[in-house]
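Participant: Spelled out, the chains give:
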Amino acid sequence: GESVGLHLPTLSVQEGDNSIINCAYSNSASDYFIWYKQESGKGPQFIIDIRSNMDKRQGQRVTVLLNKTVKHLSLQIAATQPGDSAVYFCAENGDDYKLSFGAGTTVTVRA
Amino acid sequence: DAGITQSPRHKVTETGTPVTLRCHQTENHRYMYWYRQDPGHGLRLIHYSYGVKDTDKGEVSDGYSVSRSKTEDFLLTLESATSSQTSVYFCAISGTSGGQTYEQYFGPGTRLTVT
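As you go down the protein sequences, you meet chains A and B in turn.
Under the working numbering, residues 6 to 116 are what the first sequence spells out, in order.
Under the working numbering, residues 593 to 707 are what the second sequence spells out, in order.
Treat the hints as calculated values from the structure; they're not laboratory data.
Positions of the beta carbon are idealized from the N, C-alpha and C atoms, including for glycine.
Please note: incorrect hints may appear among the correct ones.
Result set (DSSO-like, lysine-lysine): computed pairs, CA atoms no more than 30 angstroms apart in a straight line [stated by the list, open to error]: (1) B/K645 <-> A/K47; (2) A/K61 <-> B/K662; (3) A/K61 <-> A/K73; (4) B/K603 <-> B/K649; (5) B/K645 <-> A/K103; (6) A/K73 <-> B/K645; (7) B/K603 <-> A/K61; (8) A/K47 <-> B/K649; (9) A/K103 <-> A/K47; (10) A/K76 <-> B/K645; (11) B/K662 <-> B/K649; (12) A/K76 <-> B/K662; (13) B/K603 <-> B/K662; (14) A/K103 <-> A/K61; (15) B/K603 <-> B/K645; (16) B/K645 <-> B/K662; (17) A/K47 <-> B/K603; (18) A/K47 <-> A/K61.
With the Cβ distance kept under 8 angstroms, some of the chain B side facing chain A (calculated, not the full set) [said to hold, decoys possible]: (19) Y623; (20) L635; (21) L667; (22) P700.
Pairwise CB distance ranges, derived in the manner of DEER restraints [stated by the list, open to error]: (23) B/P610 <-> A/D22: 42 to 52 angstroms; (24) B/G632 <-> A/V75: 21 to 31 angstroms; (25) B/Q692 <-> A/P87: 31 to 41 angstroms.
Just need the whole structure built from these sequences, with the hints factored in.
Facilitator: This is the structure:
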């Protein structure tokens with residue numbers, strides 16, 4: 006079936022630098038995408054979403070970019086902080102209001 | 593945080609015993625979901641509910657059953673637990689409606705160990 010995946014399983018970033026986390030999706034019919042953050046021992050936390058009629062959406066220190074031509078999604082985190090260390094998942098919508106999740110990228114922030 | 597609680601938060605049980613996990617929400621959301629999370633597999637959908645008494649299977653439903661008798665509660669039952677069901681279980685809710693998908697909010701998780 007269709008699946009969502011992330012390009013890299015791990016990302017190490019210097020505190021204060023910008024982070025870019027990538028995600029490739031394969032279902033061209035998907036029209037809704039979400040980024041989640043999961044800290045150790047906790048449930049996934051909603052960060053930001055984007056619908057397919059947009060190519061960019063900004064939140065607080067985060068920006069999601071959607072390139073439907075190449076089916077690519079990215080999450081940019083500005084001025085990465087130690088509290089940004091976590092696993093980040095992208096997800097796309099499927100049938101019957103379900104979401105399909107990628108395996109995740111572990112972000113480690115170096116002091 | 594969305595009003596979602598899961599109980600118990602941790603459980604150790606023996607192979608062959610029945611186990612029920614509970615998800616409770618205070619958001620009055622229509623959709624509820626049960627996922628399991630295992631290393632290397634990400635989040636996989638077990639069952640979901642689109643209303644009281646309305647449920648359907650996800651991609652890894654074998655060995656699991658669910659019930660939803662009230663809007664606020666969604667129960668996941670392992671009829672006879674096996675070691676392969678050792679995992680972290682997450683409940684999620686969504687206010688999806690009007691033909692559009694919306695974000696899902698997750699509970700804190702239940703860590704289940706089957707010995």
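Participant: Each hint needs a verdict: does it hold in this structure or not?
Facilitator: Structure-based check of each hint:
no. : hint                                 : verdict
1   : B/K645 <-> A/K47                     : 29 angstroms, holds
2   : A/K61 <-> B/K662                     : 39 angstroms, violated
3   : A/K61 <-> A/K73                      : 11 angstroms, holds
4   : B/K603 <-> B/K649                    : 24 angstroms, holds
5   : B/K645 <-> A/K103                    : 18 angstroms, holds
6   : A/K73 <-> B/K645                     : 37 angstroms, violated
7   : B/K603 <-> A/K61                     : 42 angstroms, violated
8   : A/K47 <-> B/K649                     : 25 angstroms, holds
9   : A/K103 <-> A/K47                     : 21 angstroms, holds
10  : A/K76 <-> B/K645                     : 37 angstroms, violated
11  : B/K662 <-> B/K649                    : 19 angstroms, holds
12  : A/K76 <-> B/K662                     : 39 angstroms, violated
13  : B/K603 <-> B/K662                    : 24 angstroms, holds
14  : A/K103 <-> A/K61                     : 23 angstroms, holds
15  : B/K603 <-> B/K645                    : 26 angstroms, holds
16  : B/K645 <-> B/K662                    : 8 angstroms, holds
17  : A/K47 <-> B/K603                     : 16 angstroms, holds
18  : A/K47 <-> A/K61                      : 28 angstroms, holds
19  : Y623                                 : 6 angstroms, holds
20  : L635                                 : 4 angstroms, holds
21  : L667                                 : 18 angstroms, violated
22  : P700                                 : 5 angstroms, holds
23  : B/P610 <-> A/D22: 42 to 52 angstroms : 50 angstroms, holds
24  : B/G632 <-> A/V75: 21 to 31 angstroms : 26 angstroms, holds
25  : B/Q692 <-> A/P87: 31 to 41 angstroms : 36 angstroms, holds
Hints 2, 6, 7, 10, 12, 21 from the earlier list are contradicted by this structure; the remaining hints agree with it.
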